[in-house]
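Starting from the structure of chain A, add chain B where the hints point.
First to last, the protein sequences are chains A and B. When we follow this note's numbering, the leftmost residue of the first sequence carries the number 1, and every step to the right adds one. When we follow this note's numbering, the leftmost residue of the second sequence carries the number 1001, and every step to the right adds one.
By construction, these hints were calculated from the structure, which means they are not laboratory data. Every value quoted in this text rests on a predicted model; they were computed, and no experiment measured them. Take these hints with a grain of salt, some might be off.
[Unchecked claim] Selected chain A positions facing chain B (in silico; Cβ < 7 Å):
1. Leu36
2. Ser37
3. Asp161
4. Thr362
5. Thr420
6. Gln421
7. Arg422
[Said to hold, decoys possible] Some, not all, of what chain B presents toward chain A, calculated at C-beta under 8 Å:
8. Asp1033
9. Phe1159
10. Gln1162
11. Pro1387
12. Arg1392
13. Gln1421
14. Arg1422
15. Lys1436
16. Asn1438
17. Glu1441
[Unchecked claim] As a list, the in silico DSS-like pairs of lysine-lysine whose alpha-carbon atoms are at most 27 Å apart:
18. Lys164/A - Lys1040/B
19. Lys1436/B - Lys436/A
20. Lys1164/B - Lys40/A
21. Lys164/A - Lys1164/B
22. Lys382/A - Lys346/A
23. Lys382/A - Lys1040/B
24. Lys30/A - Lys1458/B
25. Lys1040/B - Lys230/A
Ideal placement from N, C-alpha and C gives every residue a C-beta, glycine not left out.
2 protein chains.
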Amino acid sequence: MKQAIIFLTPIFVFCFIASSQNNDSLILRKIYDHYLSKSKCYSNLEHLTTKIGARLSGSAQAEQAVQWARKAMYAAGADTVILQPCMVPHWVRGQKEKCFITSSKLKSTFTLKCAALGSSVGTGLKGIKAQVIEVHSFDDLDALGEKNIKGKIVFYNVFFDQTKIRPGSAYGETVKYRGKGASYAAKYGAIGCVVRSMTSVADDEPHTGNMYYDTTLSKIKIPALALSYKAADLLHETILKDNGIQLYLETHCETLPDAPSFNVVGQINGTERPNEFVIAGGHLDSWDLAQGAHDDGTGIVQCVEILSAFKQVGIKPKHSIRAVAFMNEENGLAGGTAYAKFAKEKNEKHLAALEADAGGYTPRGFLIDTTKGLYNQAIKWKSLFHPYYIDRFDVDGGGADLSVIQKSGGVPCIGFEPDTQRYFDIHHTAGDTFDKVNKRELELSGAAIASLIYLIDKYYQP
Amino acid sequence: MKQAIIFLTPIFVFCFIASSQNNDSLILRKIYDHYLSKSKCYSNLEHLTTKIGARLSGSAQAEQAVQWARKAMYAAGADTVILQPCMVPHWVRGQKEKCFITSSKLKSTFTLKCAALGSSVGTGLKGIKAQVIEVHSFDDLDALGEKNIKGKIVFYNVFFDQTKIRPGSAYGETVKYRGKGASYAAKYGAIGCVVRSMTSVADDEPHTGNMYYDTTLSKIKIPALALSYKAADLLHETILKDNGIQLYLETHCETLPDAPSFNVVGQINGTERPNEFVIAGGHLDSWDLAQGAHDDGTGIVQCVEILSAFKQVGIKPKHSIRAVAFMNEENGLAGGTAYAKFAKEKNEKHLAALEADAGGYTPRGFLIDTTKGLYNQAIKWKSLFHPYYIDRFDVDGGGADLSVIQKSGGVPCIGFEPDTQRYFDIHHTAGDTFDKVNKRELELSGAAIASLIYLIDKYYQP
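Bound conformation, chain A alone (with noise of 0.2 Å):
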């Protein structure tokens, strides 16, 4: 008797388990046909792209941006939707910026295309002009030295490796020099910097981005701008016919007083653990030079989505499933710091966090925190998912928004990963706009992000 139960185990667990994925093969396909045929998400990004626009934390759209994620998040079925105030920097552009060589011994002026970078200090209204040293690295400038910068506009031109398979890990590489070039080149008496647009692609739209001043470095705070691609070359190429060129430039961005903000919370609650929460979510703030259509429309809408699917599909989830458009991801993280903190005023339980961050194009995989298990559990799902495209499981996770709740909270987190070969074509430009995205490849990201949730909520045990 004991054989034949030991015999009949196997099988009673292995129908169950089969039972069990085929059950959730059939409400993944539900979550496609509702992403795919019925969901919100492209008029939804139409609307927060073109109907509200750039939305830079502190700016009249995004506050306008709070307001519409509140209401659809409603819309989309939420059973409560929460703003959770948060105090964020406020940046602004003020007057198009001005770059121009020019060049005594060649007799020429040439215009460049430039972005002031997000936090930079402005030139003040007369400019600056003064002599152009290009470098490569900041060992460059440590070999260079005070006596060669003094003065100086430090010009970095870096490439992005185009080696690389994953275009972020170029970013990666470069975008340092956009971060803290300014303290580094202020450090050797540098009175400005520009850098060549973090991007692989050879057009005339400078990339714009956060910066920031490393006091460590200098308490001297100089005015740093991206150049396009081609305005890089052109500074490059004019350089070495004429080392003696002299760069303008003219900056009239400012950091006003911080702004009062929010993060916006859509939640279904929860039917067994209310207040245990798996959540999702992108930011709702962007840059100002554009719509912020991939960057972070398609992550707002595609996770707002995940409300109605569970409704529509009729997923009784047993945490409390949360959709967040955190504010001001772009500079300052003042929302993923707040969200963290309210979890901990309230004592919330977060068994998981996915952010969708990169761009609303085709699905590929998630990147997983292997934290408390949760690699080790969703591993386990790649093969409800293969009919889907979605092949990669990787050992990753989380995005900034998420990092505080991750390092504080201990929160298992992933990175919802799209294909991105295109994504710093347009990224942090005038061109991340709604027409760049495809109606699908939004659709079918989107559903890959709510199925996850689903089997997250169903199955995790941390």
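This is chain B only, laid out in the frame that chain A set:
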């Protein structure tokens, strides 16, 4: 001693396999580096699409493309370039089509964006005007019968199934109405037919493509056109308001006598078995409405680049490697048929053949034939492709150009599979232009193809 041998053999085999894989991963890395930093894929594509442009079989541009391909293959390092003659159909669109609705009830005329289907007869200079009957399947026609159809224009209003994950599956379901819709309608006495464009995108671009007259259904050839998605919507909505509307069609297309043309075959001679071949190709011809960028300029330049990659990386293939630019894939397969005929005449043994004809998008994987163990061999290489985000090794294989050699010659075939979510947005429309191709996506897919060809040449034994 015997035990020791048994024990040691697996270690030896393991070390050998590990070392081979390690060496292969280095070669793949070199192939990718070549494509991503030195290849001519993008500049070749720019020339083919913007300097030569649309190149339907029989056109002057198709012949320019033949001469260009010959030069490009020699420039890429071909040991020899063969022009394989073939006679191709020569269909011409003539003057721009006209299509409009007249409704006496609504007292209105609506103009519809349309395009004659390839191989269709024209309407004559006076056009045709008749009542429209809307159907959603061939079954609808059978049910309506001659009494309801005779003398009318049939409107196939069949949508893509948006819930299909591969848009190609939705295409496969609907393309039959484009293909034999005219003959099926003529069987019941219709005098013309229009089809909703085969696409998932709700825009105003008509999608042309080939049709054929199925004489088993009807001996009468009636004109056939594609309506844009929006035009089909408008026609449907107008019929709902007035089911007695008249449709006017005017097309000036005609089929001229067959014209001489060529496949272009660039070859690197094999070092061990020069009369055995591994080939990769795309089709050189394209529809007349656009530049034929994704369909199939990208396949051409990716395969031509294999020759260059092998030479630059220093790969000396055992078998002869061919990049094949097939002629006349779009409306006749004369090139694919000629290739198979020459292979048979010259007793050329083909180990395997790959076709790249699904757009120049980001790579996903390969559709591989199970014939002669190719699939079972190929899946062993899956881990080599993992770092390059190539994760799909699915059973299927080949493409239209290879269909003849696959059937008649028993050659194991492979279809290269990029991401196709955007392919049918622009497929066979005026929108299939160079600017729709992303340089990195093009190059990454090219490198994937070249890598598989390298591995097949090195390891595959049928």
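Does the CB of Thr420/A sit less than 7 Å away from some CB of chain B? violated (9 Å)
Grab the minimum C-beta distance from Pro1387/B to chain A and call the hint holds if it beats 8 Å, violated otherwise. holds (7 Å)
Proposed interface contact between Leu36/A and chain B, which counts if any beta carbon pair is under 7 Å: holds (5 Å)
Would the hint on Gln1421/B be counted as holding, given a Cβ-Cβ threshold of 8 Å to chain A? holds (5 Å)
Hinted pair Lys164/A and Lys1164/B, Cα distance within 27 Å: Violated, at about 32 Å.
Given Lys1436/B as an interface hint, is its Cβ closer than 8 Å to any Cβ of chain A? violated (11 Å)
Is Lys1040/B within 27 Å of Lys230/A, Cα to Cα? holds (20 Å)
Asn1438/B as an interface hint toward chain A, with CB separation required under 8 Å: holds (5 Å)
Is Lys1436/B close enough to Lys436/A, meaning Cα to Cα at most 27 Å? holds (11 Å)
Hinted pair Lys164/A and Lys1040/B, Cα distance within 27 Å: With Cα atoms ~18 Å apart, Lys164/A and Lys1040/B stay inside 27 Å; holds.
Against chain B, is Arg422/A within 7 Å by beta-carbon distance? Result: holds, 5 Å to nearest chain B Cβ.
Would you settle whether the hint for Thr362/A is holds or violated, based on the nearest Cβ-Cβ distance to chain B being less than 7 Å? Nearest chain B Cβ about 5 Å off; hint holds.
The structure fails to meet hints 3, 5, 9, 15, 21, 22, 23 and 24 from the earlier list, while all remaining hints are met.
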